[in-house]
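Visitor: Could you put the whole structure together from the sequences, leaning on the hints where they help?
Now for the letters of each chain:
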Amino acid sequence: MWRNVYWTLVAAVLAIMAHIGTLLFAPGYAFEQELDLLAKDIPTNKFFVLPQEAQLKIFPEYPAGAVFGMCRFDLSSGDVSLEANLPDTLWTLTVYTSAGKSIYTANDEQSGIDRFELKLMRAPSLLELFSSKADEDLITNSGWRVSSSDTRGFALFWVPSFDLAMRANLVETISKSSCAKISS
Amino acid sequence: MLVRATSRISIMVIGLIGGWSSALYSIDAVGSSLISDKSSWRKWDLASGTSSNPYALAHFLLDGKIPPAQSLFDIYSNGRDDEGSRFSSGCVYSISMVEFESRWWSLSVTPSQKPEADSSSVLSSDDVVRANDGSLIMAISAHPVPGNWVKPATTGNFEIQLLISNNGSSDATSNPVMPTVQRVGC
Numbered sequence: 007m008w009r010n011v012y013w014t015l016v017a018a019v020l021a022i023m024a025h026i027g028t029l030l031f032a033p034g035y036a037f038e039q040e041l042d043l044l045a046k047d048i049p050t051n052k053f054f055v056l057p058q059e060a061q062l063k064i065f066p067e068y069p070a071g072a073v074f075g076m077c078r079f080d081l082s083s084g085d086v087s088l089e090a091n092l093p094d095t096l097w098t099l100t101v102y103t104s105a106g107k108s109i110y111t112a113n114d115e116q117s118g119i120d121r122f123e124l125k126l127m128r129a130p131s132l133l134e135l136f137s138s139k140a141d142e143d144l145i146t147n148s149g150w151r152v153s154s155s156d157t158r159g160f161a162l163f164w165v166p167s168f169d170l171a172m173r174a175n176l177v178e179t180i181s182k183s184s185c186a187k188i189s190s
Numbered sequence: 078m079l080v081r082a083t084s085r086i087s088i089m090v091i092g093l094i095g096g097w098s099s100a101l102y103s104i105d106a107v108g109s110s111l112i113s114d115k116s117s118w119r120k121w122d123l124a125s126g127t128s129s130n131p132y133a134l135a136h137f138l139l140d141g142k143i144p145p146a147q148s149l150f151d152i153y154s155n156g157r158d159d160e161g162s163r164f165s166s167g168c169v170y171s172i173s174m175v176e177f178e179s180r181w182w183s184l185s186v187t188p189s190q191k192p193e194a195d196s197s198s199v200l201s202s203d204d205v206v207r208a209n210d211g212s213l214i215m216a217i218s219a220h221p222v223p224g225n226w227v228k229p230a231t232t233g234n235f236e237i238q239l240l241i242s243n244n245g246s247s248d249a250t251s252n253p254v255m256p257t258v259q260r261v262g263c
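Going down the list, the sequences are from chains G and L. Numbers in our numbering are just positions in the first sequence, counted from 1, shifted up by 6. Numbers in our numbering are just positions in the second sequence, counted from 1, shifted up by 77.
There may be inaccurate statements among the hints.
Dumping the calculated DSSO-like pairs for lysine-lysine here, alpha-carbon to alpha-carbon at most 27 Å [what the hints assert, rightly or not]: (1) G:107 <-> L:142; (2) L:142 <-> G:125; (3) G:182 <-> G:125; (4) G:52 <-> L:142.
Keep in mind that the hints were calculated from the coordinates and are not lab data.
Guide: Below is the structure:
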């Protein structure tokens, strides 16, 4: 009797672990594999405009004329600077963790400017938080500074275009953006 | 001894498969919710910190798509017409709506199964022709239709996705009047 109850509980615990694992880890892992495949030649900490083939696959809800600029960042060896050069039109910026969770957003109305620098930083660990002095505390996630607890992720710009003919000009403008590790 | 070990392993495998399949089943049911009892439009809840957020995220990421940030966009999907029948590429549908109070929106038609590259068709607020009163009508049809026309890229059942830019301040933007979708013929 108790043996049956025990193994039923084991099955239930495994079911809960599989449920949580499928939701929390499988999607991020599957997406990273997909992104690796679609942008396999692009190194981290480098800005690039998403190739149209990859764009249509990742963003089927957006017209083909839209432009997506991306920087896959890795903060494990230091902060990263993202210098944005965007057209004077509607645009959005979203910073995602490697698991696809958005941690920072901005658009042209909120920012008021089309050229800016965004500093991407690793969030301090609990130990670092407790060991730092009060006056060393940094204001994070404000202004043009984003701190992420995940060392890997990506920043994504989106700019719609009114027709396909405009796309080349938009690509030219956005391509002037850059993303690079900040040398210490 | 061998029988007992086999039954224990079976129980564990059943637990793992049960947990995995329940997660996949729950993704659509928990990650999105009907906007009203009378509508078949579902809104995806991508807001951080909500219990439905991991399910909604998984819906997009498992398909290899990047989920839009909810502070910038609201995303809705619909797999059935106003009569409750599933959308089929063999039929013609008429979508009627009044213009959203947003800066930009898009309406895309994607296959119900996992979409392949180039398998979506999209109309955006930049493309459509509106009536003088701001209302607009779009047609979904495999064959050309005058006016605003979206062609399903593949045969079979499909879903409509509506992406609406969201400035986070307007009630009209966060609770838009959703389009009606009527089947015209098959």
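Visitor: When the hints from earlier in the document are held up against this structure, which numbers fail?
Guide: none
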